[in-house]
Structure formats: C-alpha cells, structure tokens
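Colleague: Keeping the supplied structure of chain A fixed, place chain B upon it in accordance with the hints.
For the protein sequence lines, the chains are A and B, in the order given.
Per the numbering used here, residue 35 is the first one in the first sequence, and the count goes up by one each step.
Per the numbering used here, residue 35 is the first one in the second sequence, and the count goes up by one each step.
Take the hints with a grain of salt, since some may be wrong.
Pairs of lysine to any residue, SDA-like flavour, derived with a Cα cap of 25 Å [said to hold, decoys possible]:
1. B:K248 - A:E161
2. A:K248 - B:G318
3. B:K304 - B:D289
4. B:K304 - A:D256
5. B:K58 - B:E80
Hint data in this document are derived by calculation from the structure and do not stem from the laboratory.
Owing to the predicted nature of the structure, the values given are computational and were not obtained by experimental measurement.
Now for the letters of each chain:
Number of protein chains: 2
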Amino acid sequence: MRIERLALIGIGLIIGSLALALRKAGAVGEIVACARGDATRARALERGLCDRAVADPAEAVDGAELVVLGVPPGACGDVARAMRRRLSAEAIVSDVGSVKAQIVRDVAPHLPDRRRFVPGHPVAGTEHSGPDAAFDSLFQNRRCILTPIEDTDAAAVVRVRAMWEAVGARVDTMTPEHHDRVLAITSHLPHLIAYTIVGTVADLEDEARTEVFKYAAGGFTDFTRIAASDPTMWRDVFLNNREAVLEMLGRFTEDLVALQRAIRWGEGEKLFELFTRTRAIRRGVIEAGQAYQRQPAPPASNARP
Amino acid sequence: MRIERLALIGIGLIIGSLALALRKAGAVGEIVACARGDATRARALERGLCDRAVADPAEAVDGAELVVLGVPPGACGDVARAMRRRLSAEAIVSDVGSVKAQIVRDVAPHLPDRRRFVPGHPVAGTEHSGPDAAFDSLFQNRRCILTPIEDTDAAAVVRVRAMWEAVGARVDTMTPEHHDRVLAITSHLPHLIAYTIVGTVADLEDEARTEVFKYAAGGFTDFTRIAASDPTMWRDVFLNNREAVLEMLGRFTEDLVALQRAIRWGEGEKLFELFTRTRAIRRGVIEAGQAYQRQPAPPASNARP
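Isolated chain A (complex conformation):
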C-alpha cells in the first residue's frame, strides 16, 4: 500500500493524525494539505503533517491520486465544488465526516466521476481539535466505516480500505443511511446529552458552578470531556443527521421520563432492575473491544487546552 500523492482538505485532529500515521507506516509519498488559515498551514508544516500547504482546494488536488476531505460536514459540498476543476477523473475521493448521507448528497454531484467516491468515517477522536491535536496512533484498533454509494468502484473501496488498515484501523462497510442511524445512538445522542448537561451547569449561579468544578470527579468530568469537542463539527452533525438524532432523542426522553416518575414515586425495584440491565451492556461493550482501549494522550503541548 502506497499513495504517491495524497491531498488532504482541512487539517485538524483527524486528518492530521491520518497524515502522521501514513507517514509513519511509510504508506505515502507527497502530502499536500489545504487549509484556509495562514496559522493552520504554518503549524501543519511545522508539525510535519504535510509536505506542502496551500489555501486553494483546486491547487491541493492537482495531480493527487487520493483526496481526503476533513472539513466539517456542512463545508464538504463547497469544498468539492471548489476543487473540481483541477481534480483528475481517476482520483479517488474520500472523507472523514461523522455523518454520511448528507455528505454524499452534497459532494457527489461535484465530482468528475462519482464511481471514484468512497465516503468514510473513522470512529476515533479526542475532545481536542486543530493541527496541534493530531497524533499518529489515533486510529490503532479503532473502527473505520466506509459507506460506498451504489456507483462506487470496488477497486476504489479496496484502495481506501487499505489506507485505513495501514494506519491500524479495522474497516467495515455499510450504507450511508445505516451509518447515520448507528452513529445517532453511539455517538450523536451521547454528545447531545453531554452538551446539554454541561450547558445546564453553565447556567448555574457562579458560586454553584465553582462547586461543580471542585466535585466534578463524581461523574460530571466525563461529560465535560465529551462536551469540549469541536463546536463547528458538532453543529454540522446535528443539523445534518437531524431525523436519526431526533428519533433516538425521542426514545431517550421517554425512558428518562419513566425513570423520573420511578424516582418521584419511590419505585426502588424499577430503578434496581434498570441499573442491573445496564451493567450487562457494559460487558457487551468490553467484549466488543471498545472499552479499555482508551485513546492515547494527545501530544503534551495540547494536553491542557
């Protein structure tokens, strides 16, 4: 597996980590990164996330064998349009967005050959963002989901799969719609809830908030980590996976109201029964290898944002 010229559009935690990991695996020749901000490009070059950094998506994709989009979901369509005129019809285009159906809808119409489009989503990340947050072991033993569309070439899928396997990920394929339903519950709803409870605390009076900080270790800390994730990306996720998120949120709210009622009426057996069932789910997650594989720490420079 070797990519002679790789174009990366956007250069944050995920894309930057992909660059570092491919470089470490010796799986890539030249990496050209595209970012709008001067400081981002300078930092990406400094950290060795790319060989060249440019501001224009069309310039970045010129001559590239594989292009990976790493901008927030809502920006993918515009970027695809902007890079179109210099994109080779043979180039494979992929992405790392956390929603898939909307990205397919926004990006595919702008590509010279949609058979070369292999949408993807590495299920990995930290609460940090930007080029400083990138580190080369981010994808080790993590899942990566590819969501080829009807027209996608099998050969293009094989190539993108090989790229993710080269950086240590375990690759699955499914439809974009199925991806969005699964991630609504495993990722989008947990983030939504974490953002909400941390927001509830943000609205407390100053004194109460200070106490929350002091005693956060009792459970709240995990929520603050999740709710520190990139705001732009998460805004786009919720706006673009609206139906699946609202459906899962509806189920959650029903369950929460039932639990609230059990507490109000002192129904201890109902509480005990639920709390026992949820322990079994933890075992399921551990058996599937998704716990106790904590993300490695990001680089020290970024450990305390």
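Modeller: Frame of chain A, contents of chain B only:
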C-alpha cells in the same frame, strides 16, 4: 494520626480502599470488618482489608475507637440500630455514603452520643464494586466532604479529617443539605442520564445493539462505564436525594427540549453558541484539578468485570 481500633461496616470498593490506604499509611492498628456474606468476609481477609471479619455489626464495633459505615445509604439506619448495644459512647461514627441528609436522619437517633457523629463522603470511585475492587490509591488527590451536624464535636471532626488526609484526600466541610444539592448535579444527575441512555440501548433490537457495541468508541463508552456502577447503592441514592435530583433533572430536561427544538428547526447558531460555552466549562473543571487525574486502574484481577 493513628486509629488503634477501626471498625468498618460493609466492605466494598470504598471501605476496602480506605482500609488498604490507612494500612499503607501506617495510620491504623486493628481493623475489624463487618459483612453479611461469608464469601465477602473471606475475600476481605484474603486481600488484607481487615484483621478480623465478623457478621454482626455489634461485635464489629465493640471496643472500636472509630466506626465507618460503608453500606448502601438505605441500609445505614438498620446497621446503626444493630450496632448500638456494643458501641462505646466515646466512639466516633462516620460513613461514606453519597447522600447525607437521609443518612443523618436515619443514623443519628440510634447513636449513644450524636456529638460523636461525623457524616462523610469521599468523592471517589470506579464502576467496580465489592472487596476485589478496592485499591490503596483511590483517594489520592480526591475530595472528601464532611457534613457535621449541629451537635457534632469539633474534636471528632478533626479526627475524621485527619483520617482522610492520611489517605491523600482533600477535605472540605459543608451542611448535609448543601452536600446533597451539589452532588445532585455533579454526580447524581450524570449517573441518572448515563443509566437512561444505556437503558435506551438495552431496549434496541439485538442486531442494532450489537452494532452499538462495535462503534461505542464514538462517545457511548464513557456512559457505559458510569452506568455499570453498583445498582443497590445508586437505587438508594436516587430514592434518598429525590428532591434535589428531580429539581436538577427538571432544569436538564428544559435545556434538552430547547436543544431538540433548535435541531428540529435547524438553528445552527444556537447550537454553535451552546457548544462554545460548554468548552469553557471543561476548562473550569481542568483548572479545579478534577480532570486528567483519572482514577488509577483497579487491581488486574478485576480489570474486566
């Protein structure tokens, strides 16, 4: 600081860790533990959590200088009644329960001298429970809250504070009622929400649930850890801190409905504004020293329950 004879009633994660930590600090003479189950007593002895293990609370407290209750909140009253006839009037009584006003209400009437009662709550723990889960560094740099009642002797508070400081905790004092309001938001509500979302997943069809396990790394994993906590203890917490939990849950639900509405109507700016504010809360938690101080791993034998 040295306790000549310490009685521990109940011997799980918290109390067992206290025993190991006091032993390590050389701050204790004889430790007598009380547990109902034969297997628990045997295991506590095997792991060196106590010198003697008995089934009868009265026998355990006989001659003890300090007694610490570590049974679930709902059982504290009964235990206090059961130990009464052999408890010295000079003995200091404390506990480690996650709710305080109810424990004060249930325990104080049974004590020979309520001036010797110093209710406490070390804000520390893991999702594991039982004597196998205990480890000696659990309280290092964690907060411990003491909630003396009106009658409590200052000298008794000093003594219990010294015990927690000997095992590395940072000790604060506040009223039982204030404790319960603070913990409702920092600990009880996060647990309630984690239990709910993990329960929502437990109710999914088999195939969907299996997929959740596979892709849990996207955010769900943290919730499963929280929702694997001891069911009996958490049932008692919710039943006994009902008003404060329902009040905080009410605020949370209002905020969740507002967010749901913003998603449904595509109000990106509202989402972005909230997600930016929550990042600031993360910084507050980190500055208060409550993040990046992850609990050390429990003993290897218990690492995968």
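Colleague: Give a verdict on every hint.
Modeller: Going down the list of hints, with the structure as the test:
Between K248 (chain B) and E161 (chain A), the direct Cα distance comes to roughly 20 Å. Compliance with the 25 Å bound is thereby established for this hinted pair. Pair hint K248 (chain A) plus G318 (chain B) holds up; C-alpha atoms about 9 Å apart against a cutoff of 25 Å. The suggested pairing of K304 (chain B) with D289 (chain B) holds, with an alpha-carbon distance near 12 Å, which does not exceed 25 Å. Between the alpha carbons of K304 (chain B) and D256 (chain A) the distance comes to roughly 23 Å, so the proposed pair stays at or under 25 Å and holds.
The suggested pairing of K58 (chain B) with E80 (chain B) holds, with an alpha-carbon distance near 16 Å, which does not exceed 25 Å.
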